[in-house]
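Given only the sequences and the hints, what does the whole structure look like? Please build it.
Chain order of the listed sequences is A and B. Under the numbering used here, think of the first position of the first sequence as 152, with each following residue one higher. Under the numbering used here, think of the first position of the second sequence as 31, with each following residue one higher.
No lab work stands behind these hints: they were computed from the structure. Incorrect hints may have been included.
Claimed, not checked - Below are the DSS-like pairs computed for lysine-lysine, each with C-alpha atoms no more than 27 Å apart in a straight line: (1) B/156 with B/218; (2) B/41 with A/162; (3) B/218 with A/391; (4) B/141 with B/41; (5) A/188 with A/210; (6) A/213 with A/187; (7) B/156 with B/204; (8) B/261 with A/387; (9) B/63 with B/218.
Stated by the list, open to error - Pairwise CB distance ranges, derived in the manner of DEER restraints: (10) B/176 with A/381: 16 to 24 Å; (11) B/31 with A/388: 51 to 59 Å; (12) A/251 with B/134: 45 to 53 Å.
All figures in this text were calculated on a predicted structure; none of them were measured in a lab. Using N, Cα and C, we set each Cβ at its ideal position, and we do this for glycine too.
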Amino acid sequence: MSNNLPVLEFKSSTFFAPILILFSNVVADIEEALEKKIKLAPEFFKDSPLIIDLTELNKHAKEIDFSHIAQLLRRVGFFPVGVRGGNEQQNKQARELFIPIDTVRELTNLVITDDKNNSVTSQQANKQPAAAEIKPEVVNQASPPSKPVYIAATLVTQPIRSGQRVYASGDLVVMSQVSAGAEIMAEGNIHVYNTLRGRALAGVHGNTAARIFCFDMQAELISIAGDYKTSEDLNKQIYKNPVQIYLQDHALIIKEIV
Amino acid sequence: MARIIVVTSGKGGVGKTTTSAAIAMGLAKKGHKTVVIDFDVGLRNLDLILGCERRVVYDFINVINGEASLNQALIRDKNCNLLYILPASQTRDKEALTQEGVGKVLEELSKDFEYIVCDSPAGIEKGANLALYFADDAFVVTNPEISSVRDSDRMLGILSSKSRRAERGEEPIKEYLLLTRYDPDRVKQGEMLSLDDVQEILSLQLLGIIPESKSVLSASNAGIPVILDEKSEAGRAYEDVVARYLGEDRPHRFIEAKQGFFSKLFGGKK
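Right, dumping it as structure tokens:
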């Protein structure tokens with residue numbers, strides 16, 4: 152390299168991958184369940200990275216050969232990129248397959264429950280009551296559904312001025328005004344109990360169920376899960392009114408709160 | 031301990047230096063030992079407004095670098111012996127300012143003065159950031175037009191997040207609004223934002239409205255702070271500002287358009 156450009160850089164970042172929680176150690180059953188699942192949303196699962204959670208199996212002392220599982224997942228189109236909750240033998244196998252091991256730590260992270268995904272799993276569970284033992288669940292950033300993780304909402308009482316940015320990993324509640332040129336973002340819902348003049352982006356990690364509620368709507372831009380509208384496209388009728396904004400079939404719906 | 035006031039705006043040309051000179055003079059006239067510091071390194075103006083440009087020997091940067099003592103650099107005002115000026119360097123740029131250096135100078139001045147007025151440069155770069163960093167109170171100077179209001183709003187964001195008080199989690203800087211170059215006639219005609227329009231966006235405690243006045247320019251050119259011109263509306267408005275800041279309760283004036291001779295005679299329609 153003749154110029155002075157840096158060769159590389161390390162950055163801290165989050166990588167999203169579904170987690171596959173196994174409840175059965177019968178490889179054939181798992182394969183069958185997986186294929187059914189993939190058929191429901193082939194695009195979603197295609198070439199998806201995947202983390203394998205063996206906690207449930209090991210809790211009930213159900214032995215499983217990790218290399219078989221890894222092979223199976225690769226065959227059906229997943230890229231296993233990690234394992235958690237494995238025992239010594241399974242971790243050793245994972246290491247040999249160059250799959251990193253996540254030492255189980257309590258999940259303090261957020262849970263984004265993707266509505267679509269949830270409905271898929273519940274439908275599927277209804278369809279196959281026979282395979283009572285096999286309930287592989289894919290949750291977007293997961294933890295068992297029986298134990299939801301609570302994320303406190305972020306509360307802001309100071310005015311958010313032009314040029315300031317506020318990010319909330321859960322819901323965001325703003326009691327004061329948000330100035331033009333300010334930007335508020337949340338992975339969950341956004342509530343503004345005052346004038347909203349800046350930009351508001353809810354569901355920034357793709358949560359299409361997120362909503363924006365505001366008391367006095369004068370926003371420059373609103374967005375939910377990437378779908379956005381600028382003030383130019385906003386109906387003049389809702390201007391300066393209390394509104395809620397949500398996503399329906401990829402369209403932003405803006406409705407007055409009566 | 032001195033109270034540190036920053037006069038700031040974000041936007042240039044709105045009247046920061048005029049305001050700094052006027053309120054520093056006003057505080058000194060009320061018997062408070064006051065120093066006003068020019069943070070606009072490289073674009074030194076405050077000395078002109080205060081009419082002491084021919085007495086500048088050492089400057090703020092010399093003091094920061096230890097090339098001169100504070101006593102050598104401070105200039106005593108010729109109109110009021112309780113007012114001192116610490117001029118900026120004209121030959122250097124903002125990079126010569128360091129947080130440590132500014133902090134040390136302010137600390138030393140704090141021992142001797144009651145009020146320290148920091149005249150911030152325009153922009154949101156180093157000079158402006160250091161001018162506000164140590165502040166206790168902020169006078170946000172705004173013109174009744176939309177870009178000035180937007181810039182003031184931006185400045186308020188910086189005041190609440192990048193000051194020493196914010197970093198230490200102390201009580202936030204007290205922010206006051208000074209609406210300058212206000213022309214009630216043009217407001218009435220819809221050419222200028224009204225006080226209400228500005229307050230809808232900024233919602234700050236209003237210290238005063240300074241009406242657009244020819245006397246401001248002539249006072250600047252003469253090197254006499256406009257507050258000393260008791261005949262001018264701007265001068266009286268600044269006097270009100272200082273009194274309100276010191277806790278006096280004075281009604282706001284210069285908001286309404288002046289009535290002409292005929293409307294006075296026949297009763298103006300509201």
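Quick rundown of the hints versus the structure:
Proximity of residue 156 of chain B to residue 218 of chain B is assessed by CA-CA distance (about 39 Å); at most 27 Å being required, the pair is judged violated. For the hint linking residue 41 of chain B to residue 162 of chain A, the alpha-carbon distance of about 35 Å lies beyond 27 Å, and the restraint is violated. Annotation: proposed proximity of residue 218 of chain B to residue 391 of chain A holds, straight-line Cα distance about 24 Å (limit 27 Å). Under the criterion of a C-alpha separation no larger than 27 Å, the hint pairing residue 141 of chain B with residue 41 of chain B is inconsistent with the structure, at around 32 Å.
As the CA atoms of residue 188 of chain A and residue 210 of chain A are separated by approximately 25 Å, the hinted pair is consistent with the 27 Å bound. Distance restraint check for residue 213 of chain A and residue 187 of chain A: the Cα-Cα separation of roughly 23 Å lies within the 27 Å cut-off, and the hinted pair is therefore satisfied. Distance restraint check for residue 156 of chain B and residue 204 of chain B: the Cα-Cα separation of roughly 21 Å lies within the 27 Å cut-off, and the hinted pair is therefore satisfied. Straight-line distance between C-alpha atoms of residue 261 of chain B and residue 387 of chain A comes to about 48 Å, which puts the hinted pair past the 27 Å bound.
The straight-line distance between the Cα atoms of residue 63 of chain B and residue 218 of chain B is roughly 40 Å, outside the 27 Å bound, and the hint therefore fails. Between residue 176 of chain B and residue 381 of chain A the CB atoms are about 18 Å apart, so this pair conforms to the stated range of 16 to 24 Å. Range check, residue 31 of chain B to residue 388 of chain A: Cβ separation about 55 Å, and the 51 to 59 Å hint holds. Take residue 251 of chain A and residue 134 of chain B: their Cβ atoms lie about 51 Å apart, and the range 45 to 53 Å holds.
Violated hints, listed in ascending order, are 1, 2, 4, 8 and 9; each of the other numbered hints is respected by the structure.
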